[in-house]
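Model the full assembly from the supplied sequences, consistent with the hints where possible.
Listed below, chain by chain, are the residues.
2 protein chains.
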Amino acid sequence: MIAHILSTGDEVLLGDIIDTNSAYLCSCLKELGIDVQKIISVGDDVETIASNISDISLNADICLVTGGLGPTQDDLTAFACSKAADDELVLSKKALKSMTAYFKKRGFAFTKENEKQAMLPSKSIMLENYNGTAPGFYISINQCVFFFMPGVPSEMKIMFERQVKNVLIKKYNLNDDILIERLTVFGLGESMVGALLKGFTEKFPGMRLGFRANFPVIEVKIILSAAHQDKQKAQLKIADAKKWAMDHLENKVVSEQGLSIAQEVGRLLTQQKKTLAIAESCTGGLIANMMTNVSGSSDYFLFSGITYSNDAKINILGVQKKTIIDFGAVHEQTALEMAQGARVKAGADFAISTTGIAGPTGGTKERPVGMVCIGLAGPSFSKAKTYTFSFDDRLMNKTIFAMAALERLRRHLIRIR
Amino acid sequence: MIAHILSTGDEVLLGDIIDTNSAYLCSCLKELGIDVQKIISVGDDVETIASNISDISLNADICLVTGGLGPTQDDLTAFACSKAADDELVLSKKALKSMTAYFKKRGFAFTKENEKQAMLPSKSIMLENYNGTAPGFYISINQCVFFFMPGVPSEMKIMFERQVKNVLIKKYNLNDDILIERLTVFGLGESMVGALLKGFTEKFPGMRLGFRANFPVIEVKIILSAAHQDKQKAQLKIADAKKWAMDHLENKVVSEQGLSIAQEVGRLLTQQKKTLAIAESCTGGLIANMMTNVSGSSDYFLFSGITYSNDAKINILGVQKKTIIDFGAVHEQTALEMAQGARVKAGADFAISTTGIAGPTGGTKERPVGMVCIGLAGPSFSKAKTYTFSFDDRLMNKTIFAMAALERLRRHLIRIR
Numbered sequence: 059m060i061a062h063i064l065s066t067g068d069e070v071l072l073g074d075i076i077d078t079n080s081a082y083l084c085s086c087l088k089e090l091g092i093d094v095q096k097i098i099s100v101g102d103d104v105e106t107i108a109s110n111i112s113d114i115s116l117n118a119d120i121c122l123v124t125g126g127l128g129p130t131q132d133d134l135t136a137f138a139c140s141k142a143a144d145d146e147l148v149l150s151k152k153a154l155k156s157m158t159a160y161f162k163k164r165g166f167a168f169t170k171e172n173e174k175q176a177m178l179p180s181k182s183i184m185l186e187n188y189n190g191t192a193p194g195f196y197i198s199i200n201q202c203v204f205f206f207m208p209g210v211p212s213e214m215k216i217m218f219e220r221q222v223k224n225v226l227i228k229k230y231n232l233n234d235d236i237l238i239e240r241l242t243v244f245g246l247g248e249s250m251v252g253a254l255l256k257g258f259t260e261k262f263p264g265m266r267l268g269f270r271a272n273f274p275v276i277e278v279k280i281i282l283s284a285a286h287q288d289k290q291k292a293q294l295k296i297a298d299a300k301k302w303a304m305d306h307l308e309n310k311v312v313s314e315q316g317l318s319i320a321q322e323v324g325r326l327l328t329q330q331k332k333t334l335a336i337a338e339s340c341t342g343g344l345i346a347n348m349m350t351n352v353s354g355s356s357d358y359f360l361f362s363g364i365t366y367s368n369d370a371k372i373n374i375l376g377v378q379k380k381t382i383i384d385f386g387a388v389h390e391q392t393a394l395e396m397a398q399g400a401r402v403k404a405g406a407d408f409a410i411s412t413t414g415i416a417g418p419t420g421g422t423k424e425r426p427v428g429m430v431c432i433g434l435a436g437p438s439f440s441k442a443k444t445y446t447f448s449f450d451d452r453l454m455n456k457t458i459f460a461m462a463a464l465e466r467l468r469r470h471l472i473r474i475r
Numbered sequence: 059m060i061a062h063i064l065s066t067g068d069e070v071l072l073g074d075i076i077d078t079n080s081a082y083l084c085s086c087l088k089e090l091g092i093d094v095q096k097i098i099s100v101g102d103d104v105e106t107i108a109s110n111i112s113d114i115s116l117n118a119d120i121c122l123v124t125g126g127l128g129p130t131q132d133d134l135t136a137f138a139c140s141k142a143a144d145d146e147l148v149l150s151k152k153a154l155k156s157m158t159a160y161f162k163k164r165g166f167a168f169t170k171e172n173e174k175q176a177m178l179p180s181k182s183i184m185l186e187n188y189n190g191t192a193p194g195f196y197i198s199i200n201q202c203v204f205f206f207m208p209g210v211p212s213e214m215k216i217m218f219e220r221q222v223k224n225v226l227i228k229k230y231n232l233n234d235d236i237l238i239e240r241l242t243v244f245g246l247g248e249s250m251v252g253a254l255l256k257g258f259t260e261k262f263p264g265m266r267l268g269f270r271a272n273f274p275v276i277e278v279k280i281i282l283s284a285a286h287q288d289k290q291k292a293q294l295k296i297a298d299a300k301k302w303a304m305d306h307l308e309n310k311v312v313s314e315q316g317l318s319i320a321q322e323v324g325r326l327l328t329q330q331k332k333t334l335a336i337a338e339s340c341t342g343g344l345i346a347n348m349m350t351n352v353s354g355s356s357d358y359f360l361f362s363g364i365t366y367s368n369d370a371k372i373n374i375l376g377v378q379k380k381t382i383i384d385f386g387a388v389h390e391q392t393a394l395e396m397a398q399g400a401r402v403k404a405g406a407d408f409a410i411s412t413t414g415i416a417g418p419t420g421g422t423k424e425r426p427v428g429m430v431c432i433g434l435a436g437p438s439f440s441k442a443k444t445y446t447f448s449f450d451d452r453l454m455n456k457t458i459f460a461m462a463a464l465e466r467l468r469r470h471l472i473r474i475r
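From first to last, the protein sequence lines stand for chains A and B.
Read in order, the letters of the first sequence correspond to residues 59 to 475 in our numbering.
Read in order, the letters of the second sequence correspond to residues 59 to 475 in our numbering.
Hints should not be assumed to be uniformly reliable.
Since the list gives no way to pick one copy over another, a pair counts as held whenever it fits inside one copy or between any two copies.
Stated by the list, open to error - Here are the simulated PhoX-like cross-link-like pairs (lysine-lysine), alpha carbons at most 25 Å apart as the crow flies:
{"hint": "1", "residue 1": "Lys228", "residue 2": "Lys96"}
{"hint": "2", "residue 1": "Lys223", "residue 2": "Lys181"}
{"hint": "3", "residue 1": "Lys141", "residue 2": "Lys152"}
{"hint": "4", "residue 1": "Lys141", "residue 2": "Lys96"}
{"hint": "5", "residue 1": "Lys256", "residue 2": "Lys170"}
No lab work stands behind these hints: they were computed from the structure.
Encoded structure:
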């Protein structure tokens with residue numbers, strides 16, 4: 059089956075927004091076993107949209123279209139579709155009813171402009187919009203079925219998930235009985251992950267691998283289409299493949315469930331009923347921010363002291379003045395005392411600390427940009443280590459420093475488990 | 059002039075990565091006065107790439123192509139181009155020389171696979187890659203000039219900025235004499251910004267507006283093509299337009315130079331030779347992280363206490379135990395004492411604090427998700443205020459809380475200036 063995606067809207071072509079919808083839809087279609095052959099973005103112009111729809115109708119079997127269903131004059135997709143389909147726009151009673159209900163629920167006034175959104179091609183079938191006003195629709199043109207969805211990501215996603223997906227599964231007898239296992243990998247580049255997992259497809263026929271680089275981790279998906287298979291057998295098969303992948307990725311898998319490092323550390327702390335304090339210099343609050351992005355983190359995360367100044371390191375965390383004078387702020391001894399200080403001050407079970415040079419300035423020959431000292435303090439163990447990374451970018455350095463600190467804690471937590 | 063963008067690579071069609079290159083290139087072309095009519099993404103398949111190049115060569119005047127220039131077997135763009143151009147690949151001595159120099163500088167071994175990257179269509183002209191190994195090139199096919207660049211954003215960007223842009227300007231006598239003014243707007247939605255600036259185009263002919271929503275701010279660009287104009291006159295014209303826009307956006311402009319709120323607050327603190335401490339509960343380190351993403355922030359940012367637990371608020375920031383017992387953690391009095399405590403402990407001129415409910419859990423009828431108390435303490439002024447926002451999302455709430463806290467400080471700093 060040949061699938062295309064057509065994204066409409068001037069804002070993409072003007073560079074004002076990045077088209078994230080298409081990547082989302084590609085990934086959803088891939089999970090259904092459908093490969094997308096082409097993504098096209100065009101502006102808000104009736105003739106252009108209509109001629110692209112006509113072209114696609116002769117070359118693809120399905121096409122997902124996003125954007126241009128709103129109430130303003132720029133929103134021309136339904137009209138362009140009716141032109142390409144040699145159809146006419148008619149007021150859809152179903153769409154009107156659904157829209158009035160939506161407006162009523164929110165106490166908005168229903169205007170004449172909104173009525174335009176209920177004008178759909180006569181041969182189309184409406185798709186409900188649960189998150190907004192513009193209804194979607196689908197329609198066959200030549201050999202291709204077109205699904206028209208809004209451009210607002212939250213509206214598009216729910217329309218795809220709840221409706222388009224089901225129509226596709228039913229219409230094409232697709233296989234949505236899909237098992238997916240996710241691994242989060244840290245410490246290997248994407249090409250290295252690919253190289254280590256070479257031979258997977260031959261060893262596990264019927265399964266697919268997907269990779270997504272999300273600096274500094276690589277997310278690995280193992281996908282098994284389990285339709286027409288015994289469920290239990292399929293589960294065993296994918297568990298086997300997962301074990302194989304984990305063995306080949308050695309000790310670089312930070313989560314066997316595809317969690318972020320902060321989620322995984324949080325999970326381990328919860329499981330072990332332990333609490334955490336942090337002392338950050340060069341990461342500047344990033345570790346605390348990552349930890350507190352996880353809902354429920356107040357159960358185990360107590361405190362982070364972002365001590366950018368030496369005085370704060372001394373007065374708030376209790377680092378010895380002599381340590382700073384003798385060794386400087388970027389030193390394992392300082393990192394160690396920061397972690398120990400944060401742990402004691404917050405009354406936490408564990409503490410991690412960072413002090414280093416994120417750059418772009420502040421590096422020296424002995425302490426170059428990319429160098430970081432990471433401290434770890436626990437009830438029966440305290441140690442600091444130095445790491446050196448080679449990114450030129452301040453934000454990348456902060457990110458990799460934060461990741462390395464959390465990874466040190468994670469390894470400690472699984473060892474003592 | 060009709061411009062198309064062709065992005066190649068399986069990873070985009072698989073949904074593994076989001077195509078940010080095309081948005082970047084659209085925005086660059088727009089600044090040169092060139093509108094992009096179509097963006098196409100296709101996979102790593104020679105026939106598909108070649109047939110798309112052929113189509114585009116008959117429909118566009120220029121086309122920017124990204125991806126597929128690497129050393130692996132997937133990288134087929136140069137070959138596809140040679141097919142579409144009815145040309146052959148030849149070893150480019152210039153490319154080879156540039157690549158060997160790049161490898162030597164970094165101490166990498168030059169392999170046979172890399173030599174493939176120096177094979178370019180015989181009729182093409184090479185483009186230097188300053189940030190990687192794969193050279194780019196440009197070539198005329200039918201009515202269209204194609205520019206081939208790598209898919210890695212850092213390599214593509216520098217190739218466009220330093221070379222492709224100049225070729226375009228020279229070849230088409232374009233106008234790179236562009237004046238741009240940037241405003242950062244907070245507290246208004248994108249449609250509201252558009253509505254407030256209605257009439258701009260009529261009032262300032264020859265100038266364009268661009269908007270980019272970057273939650274929670276809207277970035278506004280005022281663009282003036284100043285070619286064939288007296289430079290000083292053009293400067294005055296755009297200054298006039300900027301003043302008009304700022305008047306219409308009332309007090310919602312947080313930076314007149316398009317800076318982020320953290321950069322703007324940092325700029326004001328530097329200007330006034332003042333220092334900052336922060337006390338964060340619900341923002342969990344996000345404010346400190348935003349501040350320390352700015353290089354040079356160690357000049358004014360001293361400390362942030364991320365006090366998630368009540369004990370940390372009491373023991374580290376010196377909040378009164380009685381305050382927490384009487385009023386709870388989310389209260390203006392607590393926020394006030396947090397800010398005052400952080401200011402004194404760090405010896406800073408100013409401090410801001412946040413305590414609230416980021417959600418999704420933890421809300422009550424009196425203290426719903428989205429409520430935040432923000433404290434501000436200075437040498438002659440201390441006050442806390444309550445704000446309520448209505449996002450359902452934890453990360454959006456953290457972001458808007460952080461933004462609101464920094465905006466309060468910014469307003470205070472410009473008032474006392």
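Status of each hint after checking the structure:
Taking CA atoms no more than 25 Å apart as the test, lysine 228 paired with lysine 96 passes inside one copy only; the shortest distance there is 23 Å, against 33 Å between copies. In this assembly of identical chains, lysine 223 and lysine 181 lie within 25 Å of each other by CA distance solely inside one copy; the values are 20 Å within and 47 Å between copies. Taking the closest pair of Cα atoms, lysine 141 and lysine 152 come within 25 Å of each other only inside a single copy of the chain (22 Å); across copies the shortest separation is 51 Å, beyond that limit. Taking the shortest Cα distances, lysine 141 and lysine 96 sit within 25 Å of each other both inside one copy (22 Å) and across copies (20 Å).
Taking CA atoms no more than 25 Å apart as the test, lysine 256 paired with lysine 170 passes between copies only; the shortest distance there is 21 Å, against 59 Å inside one copy.
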